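**Q** Sequence:
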Amino acid sequence: MARDVEALDLPAWSRASGPSQGPQCRDTMAHLDSEVKEECLREDLRFYFMNPCEKFRARQQIPWKMGLQILKIVMVTTQLIRFGLSNQLVVAFKEENTAAFKHLFLKGYSGSDEDDYSCSVYTQEDTYDSIFFAINQFHRLRNLSLGTLGYGESEDNRIALKVCKQHYKKGTMFPSNETLNIDSDIEIDCIHLDLEALSKDPQDWKNSSFFRLEFYRLLQIDISFQLKGIDLQTIHSRELPDCYVFQNMIIFDNKAHSGKIKIYFNSDAKIEECKDLKISGSIQKNTQYVLVFDAFVIVICLASLILCTRSIVLALRLRKRFLKFFLEKYKRHVCNADQREFINQWYILVIISDLLTISGSVLKMEIKAKNLTNYNLCSILLGTSTLFVWVGVIRYLGYFQAYNVLILTMQASLPKVLRFCACAGMIYLGYTFCGWIVLGPYHNKFENLNTVAECLFSLVNGDDMYATFAHIQQKSHLVWLFSRLYLYSFISLFIYMILSLFIAIITDSYDTIKGS
11 MARDVEALDL PAWSRASGPS QGPQCRDTMA HLDSEVKEEC LREDLRFYFM
61 NPCEKFRARQ QIPWKMGLQI LKIVMVTTQL IRFGLSNQLV VAFKEENTAA
111 FKHLFLKGYS GSDEDDYSCS VYTQEDTYDS IFFAINQFHR LRNLSLGTLG
161 YGESEDNRIA LKVCKQHYKK GTMFPSNETL NIDSDIEIDC IHLDLEALSK
211 DPQDWKNSSF FRLEFYRLLQ IDISFQLKGI DLQTIHSREL PDCYVFQNMI
261 IFDNKAHSGK IKIYFNSDAK IEECKDLKIS GSIQKNTQYV LVFDAFVIVI
311 CLASLILCTR SIVLALRLRK RFLKFFLEKY KRHVCNADQR EFINQWYILV
361 IISDLLTISG SVLKMEIKAK NLTNYNLCSI LLGTSTLFVW VGVIRYLGYF
411 QAYNVLILTM QASLPKVLRF CACAGMIYLG YTFCGWIVLG PYHNKFENLN
461 TVAECLFSLV NGDDMYATFA HIQQKSHLVW LFSRLYLYSF ISLFIYMILS
511 LFIAIITDSY DTIKGS
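Residue 214 in the working numbering sits at position 204 of the sequence shown, with consecutive numbering throughout.
The hints are simulated quantities; they were obtained by calculation from the structure and are not laboratory data.
Be a bit skeptical, because a hint or two may be false.
DSS-like, lysine-lysine: derived pairs with alpha carbons at most 30 Å apart [claimed, not checked]:
id, residue 1, residue 2
1, Lys-280, Lys-172
2, Lys-210, Lys-172
3, Lys-334, Lys-65
4, Lys-117, Lys-172
5, Lys-238, Lys-272
6, Lys-380, Lys-104
7, Lys-272, Lys-179
8, Lys-172, Lys-272
9, Lys-272, Lys-104
10, Lys-65, Lys-339
11, Lys-455, Lys-270
12, Lys-216, Lys-172
The following label-pair restraints were derived from C-beta to C-beta distances [unchecked claim]:
id, residue 1, residue 2, range
13, Cys-174, Glu-376, 31 to 39 Å
14, Asn-153, His-202, 20 to 28 Å
15, Thr-87, Glu-49, 41 to 49 Å
16, Ser-122, Arg-248, 31 to 39 Å
For clarity, every value in this text was computed on a predicted model and none was experimentally measured.
Here a beta-carbon is modelled for each residue, glycine too, at the ideal position from N, C-alpha and C.
Given only the sequences and the hints, what does the whole structure look like? Please build it.
**A** Set out below in structure tokens:
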């Protein structure tokens with residue numbers, strides 16, 4: 011690390027410093043100056059590559075940077091736990107309301123979804139009953155719901171329920187004669203039913219031409235409505251309540267025309283600022299304390315960011331001095347690997363962590379003040395920053411020989427592991443695509459590429475093997491036989507060969523480091 015050069019009390023230096031010295035004295039002075047610079051650089055290099063304990067013993071300086079990092083770990087972790095508990099309340103409120111909506115508006119809902127949809131109907135009568143049931147439940151919501159729910163306004167500032175149907179423009183169909191005449195253009199018709207219309211005789215709107223459905227032309231029916239609610243459970247955590255807007259949609263999907271209409275329920279919850287909150291008690295004061303705590307976390311992370319940035323700048327200056335000295339004395343360039351030793355990767359990790367923490371803390375303060383509502387982005391920023399902070403603790407454990415083995419093993423084996431995974435990944439992708447195209451229609455774990463990749467990864471770890479074998483539908487003997495060859499070959503190849511080689515690579519690096 012760069013520092014001022016102290017004057018050396020040397021006789022030769024004193025004699026060479028006079029103004030009337032000759033060429034020989036000037037050469038001596040230049041030689042001494044070169045030796046002083048070399049010794050100074052040597053000391054700076056030795057000090058730079060010391061750990062905090064060695065630096066403390068060398069100069070008796072308190073390791074402020076290490077102390078700041080320890081304090082930051084405590085503060086950031088505390089902040090994360092508090093925000094995590096608050097975020098759990100938000101997610102739980104959304105999920106519980108979605109479950110309540112399904113029970114309120116879906117006729118015959120059993121409490122658990124069927125595959126990726128909520129429920130299904132198989133007759134025209136059940137379809138009409140399900141549509142009219144949802145509309146009637148919307149009308150009677152205030153007398154039915156147990157929650158803090160109210161009606162929301164539509165785009166035209168009306169409290170209304172919107173029903174839209176998609177169908178082919180025109181057509182005729184006679185399945186018995188295998189005759190079909192369909193115009194593939196799709197029409198969308200919509201109707202708005204406000205509370206006033208629903209309060210009248212139900213037969214007035216049920217018997218309208220809009221609800222005369224031609225099922226052979228019908229593609230989809232959408233019932234959309236908006237509800238509002240207030241989350242009061244945050245008061246128990248001494249936080250201000252959130253106001254929610256639920257944009258709900260019930261979808262009757264008949265695109266397959268298979269005799270089965272799938273019913274989906276989608277609920278998009280958004281948090282809005284409450285217009286008029288009057289809450290007595292100490293909630294407001296508690297909010298101020300939390301904002302002060304978040305501001306203190308930002309100050310700590312900002313100080314850590316400045317110190318680590320300063321250390322990197324000083325390291326770059328020291329590297330520049332070293333490269334210049336090495337070139338002048340040895341007429342050689344330093345290799346890139348040695349140059350990278352001057353850049354401490356831990357400083358870069360801390361800087362990234364500090365930037366994420368500062369961004370997440372600012373966003374958290376805005377959420378706490380009810381100016382923003384993006385809980386997901388805030389949780390990602392704070393969660394990632396806390397991950398990096400705790401990973402950085404390994405640096406301090408690495409100063410002890412007993413704990414340094416893990417770090418050295420990871421550093422030594424990482425390049426080999428990445429090259430091995432690149433080769434194994436090609437085989438894995440091949441099995442993924444093959445399983446999806448062949449077994450997808452017969453097994454729910456192979457329906458799409460994402461689930462296939464997850465299923466194969468669980469098989470590599472030895473999870474859920476029997477269920478994967480047993481769930482193959484025996485509708486095709488050829489596919490059933492192929493599934494056995496496919497699964498046995500994959501499990502044998504990846505568990506007994508590829509996974510064993512993967513472990514052997516890491517074990518080899520560990521044995522090498524342990525023996526050195």
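**Q** For the pair supplied as a hint, Lys-455 and Lys-270, is the alpha-carbon distance within the 30 Å limit?
**A** Satisfied, since the Cα-Cα distance of roughly 22 Å is no more than 30 Å.
**Q** Holds or violated: the 31 to 39 Å window for the beta-carbon distance between Cys-174 and Glu-376?
**A** Between Cys-174 and Glu-376, where Cβ atoms are some 36 Å apart, the hint holds.
**Q** Are the Cα atoms of Lys-280 and Lys-172 separated by 30 Å or less?
**A** Holds. Lys-280 to Lys-172 sits at ~19 Å (cutoff 30 Å).
**Q** Lys-334 and Lys-65 were given as a pair; does the straight-line alpha-carbon distance stay at or below 30 Å?
**A** At roughly 26 Å apart (the allowed maximum being 30 Å), Lys-65 and Lys-334 satisfy the hint.
**Q** Between Lys-380 and Lys-104, does the CA-CA distance stay at or below 30 Å?
**A** Roughly 17 Å separates the two Cα atoms, so the pair holds.
**Q** A range of 41 to 49 Å was offered for this pair. Does it hold for the Cβ distance of Thr-87 and Glu-49?
**A** holds (44 Å)
**Q** Measure nothing beyond the straight line between the CA atoms of Lys-272 and Lys-179; if it is 30 Å or shorter, mark the hint as holding.
**A** holds (22 Å)
**Q** Regarding the pair Lys-117 and Lys-172, is the alpha-carbon distance no greater than 30 Å?
**A** OK: Lys-117 and Lys-172 at ~18 Å, within 30 Å.
**Q** Taken at face value, is the distance from the CA of Lys-272 to the CA of Lys-172 at most 30 Å?
**A** holds (19 Å)
**Q** Is 20 to 28 Å respected by the C-beta to C-beta distance linking Asn-153 and His-202?
**A** holds (22 Å)
**Q** Straight-line Cα separation of Lys-65 and Lys-339 no greater than 30 Å?
**A** holds (28 Å)
**Q** Take a quick look at whether Lys-238 and Lys-272 sit within 30 Å of each other, Cα to Cα.
**A** holds (27 Å)
Of the hints listed earlier, there is not a single one the structure fails to meet.
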